[in-house]
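K.L.:
Letter by letter, the chains look like this.
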Amino acid sequence: MNERFIILLEKYFENELTDSESQEFETLINSNSELKQEFEEQNRIKEVLRKMKLKNPSREAWDGYWLGIYNRVERGIAWIAISIGAIIFFGFVSIEAVNSFINDTHTPPIVKVGISILVFGALVLIFSLLREKFFTSKHDKYKEVQR
Amino acid sequence: MMDNKISAGTISKKKMKEFEVLVKDNMKRAYFSALGFLGSHDAAMDVSQEAFIRAYRNFNKYDTKRNFFTWYYKILRNLCLNFIRDNKNRNEEYFFESRKYEDSRNNPEQNLEEKEELEMLHDAINQLEPEDREIIILREFEGYSYEEISEMLNLPVGTVMSRLFYARKKLAEKMKRLME
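Each protein sequence line maps, in turn, to chains X and V. Sequential numbering of the first sequence, starting at 4, is according to my numbering. Sequential numbering of the second sequence, starting at 262, is according to my numbering.
In short, the hints are calculated from the structure, not lab data. Every residue gets a Cβ at the ideal spot worked out from N, C-alpha and C, and that includes glycine. Each hint can be trusted.
No farther apart than 25 Å at their CA atoms in a straight line, the calculated lysine to any residue pairs in the SDA-like style are these:
{"hint": "1", "chain 1": "V", "residue 1": "430", "chain 2": "V", "residue 2": "412"}
{"hint": "2", "chain 1": "V", "residue 1": "349", "chain 2": "V", "residue 2": "438"}
{"hint": "3", "chain 1": "X", "residue 1": "14", "chain 2": "V", "residue 2": "409"}
{"hint": "4", "chain 1": "X", "residue 1": "14", "chain 2": "X", "residue 2": "38"}
{"hint": "5", "chain 1": "V", "residue 1": "289", "chain 2": "X", "residue 2": "64"}
{"hint": "6", "chain 1": "V", "residue 1": "289", "chain 2": "V", "residue 2": "339"}
{"hint": "7", "chain 1": "X", "residue 1": "58", "chain 2": "V", "residue 2": "376"}
{"hint": "8", "chain 1": "X", "residue 1": "39", "chain 2": "V", "residue 2": "439"}
{"hint": "9", "chain 1": "X", "residue 1": "39", "chain 2": "V", "residue 2": "435"}
{"hint": "10", "chain 1": "V", "residue 1": "430", "chain 2": "V", "residue 2": "415"}
{"hint": "11", "chain 1": "X", "residue 1": "49", "chain 2": "V", "residue 2": "439"}
{"hint": "12", "chain 1": "V", "residue 1": "349", "chain 2": "X", "residue 2": "138"}
{"hint": "13", "chain 1": "V", "residue 1": "278", "chain 2": "X", "residue 2": "66"}
{"hint": "14", "chain 1": "V", "residue 1": "430", "chain 2": "V", "residue 2": "418"}
{"hint": "15", "chain 1": "V", "residue 1": "376", "chain 2": "X", "residue 2": "59"}
{"hint": "16", "chain 1": "X", "residue 1": "56", "chain 2": "V", "residue 2": "409"}
{"hint": "17", "chain 1": "V", "residue 1": "430", "chain 2": "V", "residue 2": "392"}
{"hint": "18", "chain 1": "V", "residue 1": "322", "chain 2": "X", "residue 2": "73"}
{"hint": "19", "chain 1": "V", "residue 1": "437", "chain 2": "V", "residue 2": "387"}
{"hint": "20", "chain 1": "V", "residue 1": "289", "chain 2": "X", "residue 2": "66"}
{"hint": "21", "chain 1": "V", "residue 1": "276", "chain 2": "X", "residue 2": "73"}
{"hint": "22", "chain 1": "X", "residue 1": "14", "chain 2": "V", "residue 2": "406"}
{"hint": "23", "chain 1": "V", "residue 1": "349", "chain 2": "X", "residue 2": "135"}
{"hint": "24", "chain 1": "X", "residue 1": "54", "chain 2": "V", "residue 2": "387"}
Just so you have them, the derived chain V footprint on chain X, three or more residues with Cβ under 8 Å:
{"hint": "25", "region": "6 to 13"}
{"hint": "26", "region": "40 to 53"}
{"hint": "27", "region": "65 to 76"}
Not close to chain V: a few residues of chain X, all C-beta gaps over 10 Å, as computed:
{"hint": "28", "residue": "27"}
{"hint": "29", "residue": "34"}
{"hint": "30", "residue": "109"}
{"hint": "31", "residue": "114"}
{"hint": "32", "residue": "118"}
{"hint": "33", "residue": "122"}
{"hint": "34", "residue": "132"}
The following block holds chain X by itself, in its conformation from the complex (with noise of 0.2 Å):
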């Protein structure tokens, strides 16, 4: 398509035309019949799209807009310090776990290893499915469809 009949076109609906540019837009119209349907379809279209609006949601809506957006925020900030606490409580508790395991004599060595073998079984399992549950979600081809 012709660049300087799109640029004249746009002009002409914005009313930016100069005197000139209407001129040589004229010309360009009358002188190709394929730019003058261009320019026919184009601006029935644009009738068509200047009858209608975007629908406006309720007053109540626009009402709980902010609100809706200073609960998430407030939220969030709630769930960051939730994390850091559950992390620096559930760390110092293991630490203390592992350590008094360690330091307790009364429980036989081989006891000892079966425990760290389980513990060690059951971190690499919980890991494992927290991966693939990770992955599926994010390229999960047809988690639209029902099930």
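Mind docking chain V on chain X? Use the hints.
P.N.:
Chain V alone, transformed into the frame defined by chain X:
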């Protein structure tokens, strides 16, 4: 258009009030831009709010010399495109209405005609690629100037005009096909 400039940097509690003003100044434009992309009231509300939250978190990256909405729009656009990618089977509602609805309410024939035209336009717009839909919404419904769209989409003004022309052309073709 209102110049939305507040000092950059990490927003403290007292800055929250200023951010509230910023949100309230831009929420309608944000919602309607998202609505044009997503075609659903709930999704547009959710995504435009999420974009404001991302803007809040990244406010230190905002260059105060630039218009807030132009910067915000880039966040919103990415979220909308991600939403479309992740929700291909989403339900779209009728998100247009006739400007003349009030006048034609007492004229059932005209009302029916407008309803049909509205449905056809809605279906045709929904069949467009998100980028074509976006440029039509920004220019024809939101009334942004070519320069503003050029800044929002990081495109030269000439390219904006050209993309708009082809988007309208595609829309006309879709409507023609629906009329057949």
